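A.B. asks: Chain residues, written in single-letter form:
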Amino acid sequence: MTGAGPSEFRMPSLGADMESGTVAEWLVQPGDSIRKGDIIAVIDTDKALIEVESFHTGVVDSLLVSAGERVPVGTPLALVTTAPAPARPSTRERPPAPAGKEHPRPAPGAPEPAPAPPSPPVTSPIVRHLAEQRGLDLASVHGTGPAGRVIRADVERAQARAKASPLARKLARELGVDLARITGTGRTGAIRADDVRAAAVRQGKPREAAVRASARPAAPAAAERPAQERRGEAMRQAIAQAMARSKREIPHYYLATTVDMSAALAWLRQRNRDLPVPQRLLPAALLLKATALAAKEVPRLNGFWIDDAFVPGDAVHLGVAISLKGGGLITPALHAAAGRELGDLMAGLKDLVARSRAGRLRATEMTEATITVTNLGDLGVELVHGIVHPPQVALVGFGKILDRPWAVDGLLGVRPLVTVTLAADHRATDGFTGARFLAVVERLLNHPEEL
Amino acid sequence: MARKNKARTTLNHELLRKMLRIRRFEERCVELYSAEKIRGFMHLYIGEEAVAAGVCQALSPDDTVVSTYREHGHALVRGVPATAIMAEMYGKAAGCSRGRGGSMHIFDVTRGFYGGNAIVGGGLPLAVGLALADRFQGRDRVTVCFFGDGAMAEGEFHECANLAALWRLPVLFACENNQYAMGTALAKSHAMTDLALRAAGYGVTAWPVDGMDALAVAEAAARATESIRAGAGPHFLELRTYRFRAHSMYDPERYRSKAEVEQWKKCDPIDALIARMKATGELPDDDLALLEKEVAAEIDQAVAFSEQAPLEPVEDLATFVCSPAPPPSGTTPVSRAEAAS
Amino acid sequence: MTEGTTTYREAMREAIREAMRRDERVFLMGEDVGAYGGCFAVSLGLLEEFGPERVRDTPLSEAAFVGAGIGAALGGMRPIVEIMTVNFSLLALDQILNNAATLLHMSGGQLNVPLVIRMTTGAGRQLAAQHSHSLEGWYAHIPGLRILAPATVEDARGMLWPALQDPDPVLIFEHGSLYNMSGVARPGPVDITGAALRRSGTDISLIGYGGTMGKALSAADALAGEGIEADVIDLRVLRPLDDATIMESVGRTHRVVIVDEGWRSGSLSAEIGARIVEQAFYQLDAPVARVCTAEVPIPYARHLEEAAIPQVSAIVAATREVLAS
Numbered sequence: 001m002t003g004a005g006p007s008e009f010r011m012p013s014l015g016a017d018m019e020s021g022t023v024a025e026w027l028v029q030p031g032d033s034i035r036k037g038d039i040i041a042v043i044d045t046d047k048a049l050i051e052v053e054s055f056h057t058g059v060v061d062s063l064l065v066s067a068g069e070r071v072p073v074g075t076p077l078a079l080v081t082t083a084p085a086p087a088r089p090s091t092r093e094r095p096p097a098p099a100g101k102e103h104p105r106p107a108p109g110a111p112e113p114a115p116a117p118p119s120p121p122v123t124s125p126i127v128r129h130l131a132e133q134r135g136l137d138l139a140s141v142h143g144t145g146p147a148g149r150v151i152r153a154d155v156e157r158a159q160a161r162a163k164a165s166p167l168a169r170k171l172a173r174e175l176g177v178d179l180a181r182i183t184g185t186g187r188t189g190a191i192r193a194d195d196v197r198a199a200a201v202r203q204g205k206p207r208e209a210a211v212r213a214s215a216r217p218a219a220p221a222a223a224e225r226p227a228q229e230r231r232g233e234a235m236r237q238a239i240a241q242a243m244a245r246s247k248r249e250i251p252h253y254y255l256a257t258t259v260d261m262s263a264a265l266a267w268l269r270q271r272n273r274d275l276p277v278p279q280r281l282l283p284a285a286l287l288l289k290a291t292a293l294a295a296k297e298v299p300r301l302n303g304f305w306i307d308d309a310f311v312p313g314d315a316v317h318l319g320v321a322i323s324l325k326g327g328g329l330i331t332p333a334l335h336a337a338a339g340r341e342l343g344d345l346m347a348g349l350k351d352l353v354a355r356s357r358a359g360r361l362r363a364t365e366m367t368e369a370t371i372t373v374t375n376l377g378d379l380g381v382e383l384v385h386g387i388v389h390p391p392q393v394a395l396v397g398f399g400k401i402l403d404r405p406w407a408v409d410g411l412l413g414v415r416p417l418v419t420v421t422l423a424a425d426h427r428a429t430d431g432f433t434g435a436r437f438l439a440v441v442e443r444l445l446n447h448p449e450e451l
Numbered sequence: 001m002a003r004k005n006k007a008r009t010t011l012n013h014e015l016l017r018k019m020l021r022i023r024r025f026e027e028r029c030v031e032l033y034s035a036e037k038i039r040g041f042m043h044l045y046i047g048e049e050a051v052a053a054g055v056c057q058a059l060s061p062d063d064t065v066v067s068t069y070r071e072h073g074h075a076l077v078r079g080v081p082a083t084a085i086m087a088e089m090y091g092k093a094a095g096c097s098r099g100r101g102g103s104m105h106i107f108d109v110t111r112g113f114y115g116g117n118a119i120v121g122g123g124l125p126l127a128v129g130l131a132l133a134d135r136f137q138g139r140d141r142v143t144v145c146f147f148g149d150g151a152m153a154e155g156e157f158h159e160c161a162n163l164a165a166l167w168r169l170p171v172l173f174a175c176e177n178n179q180y181a182m183g184t185a186l187a188k189s190h191a192m193t194d195l196a197l198r199a200a201g202y203g204v205t206a207w208p209v210d211g212m213d214a215l216a217v218a219e220a221a222a223r224a225t226e227s228i229r230a231g232a233g234p235h236f237l238e239l240r241t242y243r244f245r246a247h248s249m250y251d252p253e254r255y256r257s258k259a260e261v262e263q264w265k266k267c268d269p270i271d272a273l274i275a276r277m278k279a280t281g282e283l284p285d286d287d288l289a290l291l292e293k294e295v296a297a298e299i300d301q302a303v304a305f306s307e308q309a310p311l312e313p314v315e316d317l318a319t320f321v322c323s324p325a326p327p328p329s330g331t332t333p334v335s336r337a338e339a340a341s
Numbered sequence: 001m002t003e004g005t006t007t008y009r010e011a012m013r014e015a016i017r018e019a020m021r022r023d024e025r026v027f028l029m030g031e032d033v034g035a036y037g038g039c040f041a042v043s044l045g046l047l048e049e050f051g052p053e054r055v056r057d058t059p060l061s062e063a064a065f066v067g068a069g070i071g072a073a074l075g076g077m078r079p080i081v082e083i084m085t086v087n088f089s090l091l092a093l094d095q096i097l098n099n100a101a102t103l104l105h106m107s108g109g110q111l112n113v114p115l116v117i118r119m120t121t122g123a124g125r126q127l128a129a130q131h132s133h134s135l136e137g138w139y140a141h142i143p144g145l146r147i148l149a150p151a152t153v154e155d156a157r158g159m160l161w162p163a164l165q166d167p168d169p170v171l172i173f174e175h176g177s178l179y180n181m182s183g184v185a186r187p188g189p190v191d192i193t194g195a196a197l198r199r200s201g202t203d204i205s206l207i208g209y210g211g212t213m214g215k216a217l218s219a220a221d222a223l224a225g226e227g228i229e230a231d232v233i234d235l236r237v238l239r240p241l242d243d244a245t246i247m248e249s250v251g252r253t254h255r256v257v258i259v260d261e262g263w264r265s266g267s268l269s270a271e272i273g274a275r276i277v278e279q280a281f282y283q284l285d286a287p288v289a290r291v292c293t294a295e296v297p298i299p300y301a302r303h304l305e306e307a308a309i310p311q312v313s314a315i316v317a318a319t320r321e322v323l324a325s
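Protein chains in written order, with full-length UniProt numbering: chain A, 1 to 451; chain B, 1 to 341; chain C, 1 to 325.
Keep in mind the hints are simulated off the structure, nothing from the lab. Just so you know, not all the hints are guaranteed correct.
[Unchecked claim] Here are the simulated lysine to aspartate or glutamate pairs, DMTMM-like style, with alpha carbons at most 25 Å apart:
hint : chain 1 : residue 1 : chain 2 : residue 2
1    : A       : 163       : C       : 278
2    : A       : 170       : C       : 271
3    : A       : 247       : A       : 430
4    : A       : 170       : C       : 321
[What the hints assert, rightly or not] In silico contact screen, one side only, chain B against chain C (beta carbon under 8 Å); selected entries:
hint : residue
5    : 105
6    : 109
7    : 115
8    : 289
[Said to hold, decoys possible] Partial list, computed: chain C residues near chain B (C-beta under 7 Å):
hint : residue
9    : 41
10   : 45
11   : 67
12   : 110
Predicted model only: the values in this text are computed from it and were never measured. All C-beta atoms in this analysis are idealised placements derived from N, C-alpha and C, irrespective of residue type, glycine included.
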C-alpha cells in the first residue's frame, strides 16, 4: 500500500477560454470509493454542463467546494485518498445522496475517512437561514445569482423537489428538459406544462414542444426571466472572451482552395448504395476525415500555441463546431479522428451533436481538440473565414458543395465544388505550411478511397 | 277413526323426520365448526325444531319463506338439499349461495326460500313485498316470514305488520319467541311481553302457540294459512320455544341459568314427540333406528360432498355484484325469480 | 313555455306514465304519491289513470315500503318506489344497503332486484338541515346499485325506462331545484351508462351532476367571457362512474374543477379526484380543485344557505385559481 495519500481533484480546465467553473453537482460523497475514469462531478463552464472524471482511484476524503460554488480553474475541489479501490460498482450506479447535510457514509471496506468539515456554500446569511428554515439543502438548489450563486429567490422557489405539475414532469421527461432549470409561472412558482414547452423551445426543441402545445390562452407571464435565458447570456460572454482573445492575440493568415468533389461524391454514392439508411455517410464525414488525415500529415497545424511555443497534439482530435439551437457555439472533440473508420466517425459526429445539444459532454471532449473544423455549408455559406480557437493554431472551414462551371481538361464542365479555407496562427506556421495542408485535403478528396 | 289414526301417524312421522334432520344436521355442524370446517357466525336452532317442522308442514311447495340468520332448519325442511347447505357453510362453489353467504345466508329461489337475512327484522319488508307481488300477479300463495322476539322491538316489524294488515296481504308472521334477543330476556326488552296481543293491535289475527309441540305448531299453522288463503289478510303466530345452545356457536351464557336451560330441555320437542309416538305404538324401535340411519346417511353424504367440492375461483370474486350489462333499452328482462317460477 | 318544451316534473311524470302503460308489472308506491299527487306533484293525475293498486299510497314507513318494493321486485314486479326526499331514505337505508344492493351477490346470483327508487335530493330552497341533504354520494359508495342523477329534462324523461329494464336496483336522484326547469324532451329511452359532455372547451374540465349542472354551465358561460373555455361534464351516472369520459376530458384540458353539492369529506368529488390522480396523474397540470358544500348542516337563512352550497361565483373563482396555480 505504498504511495497512498491524499490527492487533490482540481477544477479542470475544460476549454482554453475557461477561467473558472461552477460545480453544478457532486456525484460522489466523502467516503465513496472511486476509480480512475469515474464521473464524479458535473461542472458548469457557462458553455455546457460537463461531466468530469476522476484521474485517481481511491476514496473521496472530502469535498472542498460545494455544488453551486464558482471557483477558478485549478482550485482544489476535493481530496481523494489514493488507495487501491475495493471491487465495487461505479459510483454512477448509485443515486447521488444529498450533499453536505448528513454524516458521510464510510465506504464498506474502505478506511474510515477523516471527518471533513462541511464546506460552507458561498451564500448570504439570509439565504442560509431561509434554507435552514425550509429544510433545504443548499447544495441541491440551483443558483441563478452572479456566478451561479444561490440567491434568496432560488431558495424561495426551491422546495425539497421542484414544484411541478405531473403533466409538466411528463413533458420534461419527453422533451429532455431539466426541471431544475425552469422557473415556474404558477402562482406559487409551480412549473406547469407551458413552462416546460417554453423551455423546450429555448433549448431548441420547438417542433415537439409545438406539437404538444395546446391552444390555451397564454398563462400569466412570468415575472422573472427564466434561468435558461440567463444561461444563454453566460455562454455568449464566454464566447465573446475567447474570440476577442483570439483576434487580439493571434496573427491570423487565411488561405482558400476550391476542390472538385465529383470523385468523392461518386464514391460516396457507390458506398451508400449497399448500406441501410441509418448507416449511410454524409459528405461531412469525408470532409472531416480528409481534414484529420491532412492534420496528421501536416502536424504543425495540429496542436497548441502555449507560452510562445508550439506544442504538437498527441493525436488529431477534431474540434467540431456545433451551433446550439438556443444560440451559442460549442466545439467538442472527435477523438483520434485520423485513425477512425468513416462509419465510426459519422456515428461519433451524430452522438456528439446530440449530447452537445442535451448539455451532456465529457470533460475530455471539451478540452482536447487539437484543430477545429467548421462546416457552415449546410446553411448555404460558400466561404468560411474562421477565427482560430486558442490555444489551437488552425481552423478549417468548409462551405457549401455547389454545382458550378469548372474547367476540366480544357473544357467547361459542371462540377460539385467546395471551398475549403484555413485560418491559422502565423506564430506557429507560415502560409507555406497552410498551403501544403490544403493541398493534402484536396488530394484526399480527389482520392476518396484513401479516406 | 282408523283412517284418522293412520293419517295422524303419517303426520307425526313427517314431523319427527323433519326435526331429526335438523337436529342431527346441526349436531354435525358443531363438530365441523370445532374442526374449523365451518367458520363465521353460526346460529343453531337446536331446541326450536318444532317451529320449523310444524310451520312448514302447513305449506305447499309454491309458498315462499323468508327467514333469519338461524335458518338451517327452515331451509332443510323446505327442501333445500343438505348438500347445498353444507357446501355453503364450507364456503364452496357448490353451496347454495356459491360460498358468498355462509351459514346466515342460505338462499334457494327454486324452492321459494328467500334467505337467510342477518339483519334482525330485515326480512319482514321483503315478505310483505313478495306477498304484494303475489297479490298483483294473482298467485295463490302464502309468504311465511320467520323472525324472533328480538325483531318485535325493531321498527321494521311494526311498519310491516301495519302495512300487511292495511293491504290485507297473504303473509304469515311466524314469531319464534325463544325468550331471548341474543342475551337479553324478553321481559328486559319489551314492556308488554304478550307478543301475539301486540300484533293483534295492528289488526293482524294473532295467537300464541306452544312452540315445543310440533303437532300443535302444525295445526296452528294449518289454520292460519287456510285463513290467509281465504283472503283474511296476514296472521301472526307467537311460537313459544327455547334454544338449548348458545346464541351463536359459543357464548358464556351469563344471561340465563343452567337450571333454566335444563328445565326447558325436559320439553325437548323431539323427545316429546318420540315419547308420544311410542306411547301410542306409532314408533317401534326399529322404525326410529331406521329413521336415524337414513338421516345420518343424508348428513354423511352432505359432508362428503362438501369436503371434496371445489372452491369458487377468486377471479369470480366480483361476479353477482351487478348483473351482466343491462339489456338494451326497450327490451324486457326476465328476472331469475320469474325464470324459476 | 314554448311549444315542444316541457318541465322536468312533467317529463318525469310522462316517463312514469309511459312505463306503467307499457309494462303491467310496473307500479308506483310511496308517501302521498296517489291522492296528493306526490309531494312535488310528479305523480299528479296518475292515480286517476291507473287506480289505487298501481299508484299506491303508503304509510310513513320508509323501511317497510322500500323493503316491500324489494320483495315485490323479487316476486317479479317492476316497482317504482318514491321516497319523498333523500333525507327520509335514511330510514330505509338498511333495506337499500343490506337487501337491495346485496341480495344478488349474497345469494350467489339467484336473486335479482329489478327495482327503481326515486327520491328528491339537494338544498337551495331554505328547507334547513333535515330537508336539504345531498347524500347521493353515499349511495354511490355501494356496490350493487346503479345511481342516476338526471340534470336535464331529457334525462328526466328518458332515464326511467332503461332503469326499469336494469335487472339490478337503480336509484334516481332528482334535485329539488330542477322540477320547474323546462326543456325539450323527446320520448324514448336515454343511455344510463355514461356521462355526457354538456359543453366543450380546452382549458378546464368542470365536472358536475344533477343540481350543480346548471351552475357549472353558468360558470362556463362566465369564464368564456374571460377567454377560458370549459369542458362541462354531466356525470349523469354516479355509479358506476364513467371514468373514460372524465379521463378523456382531463387528457385534453389538464385541469379540473369538480362541483359537488355533497360535503367535501369522503364525497363523490373526493372519489373522482382520486380516480383522476390514479388514472390521469401525468395529465394534470394543476392540482384538482373542488367546489363542495361547506361542512355544516344546511342552515335555513337564505344568505347562510347560499354561502354553504356551491355557487357559480365559487366555480368561476376555483377555475381561475386552478388556471393560475
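A.B. asks: Indicate, hint by hint, whether the structure satisfies it.
C.D. replies: How the hints compare with the structure:
1. 163(A) / 278(C): holds, 19 Å
2. 170(A) / 271(C): holds, 24 Å
3. 247(A) / 430(A): This hinted pair holds, its Cα atoms lying about 17 Å apart.
4. 170(A) / 321(C): This hinted pair holds, its Cα atoms lying about 22 Å apart.
5. 105: Nearest chain C Cβ about 5 Å off; hint holds.
6. 109: holds, 4 Å
7. 115: holds, 7 Å
8. 289: Hint on residue 289(B): violated, closest Cβ of chain C at ~37 Å, above 8 Å.
9. 41: Hint violated; residue 41(C) Cβ to chain B Cβ min 25 Å, cut 7 Å.
10. 45: violated, 22 Å
11. 67: holds, 2 Å
12. 110: Result: holds, 4 Å to nearest chain B Cβ.
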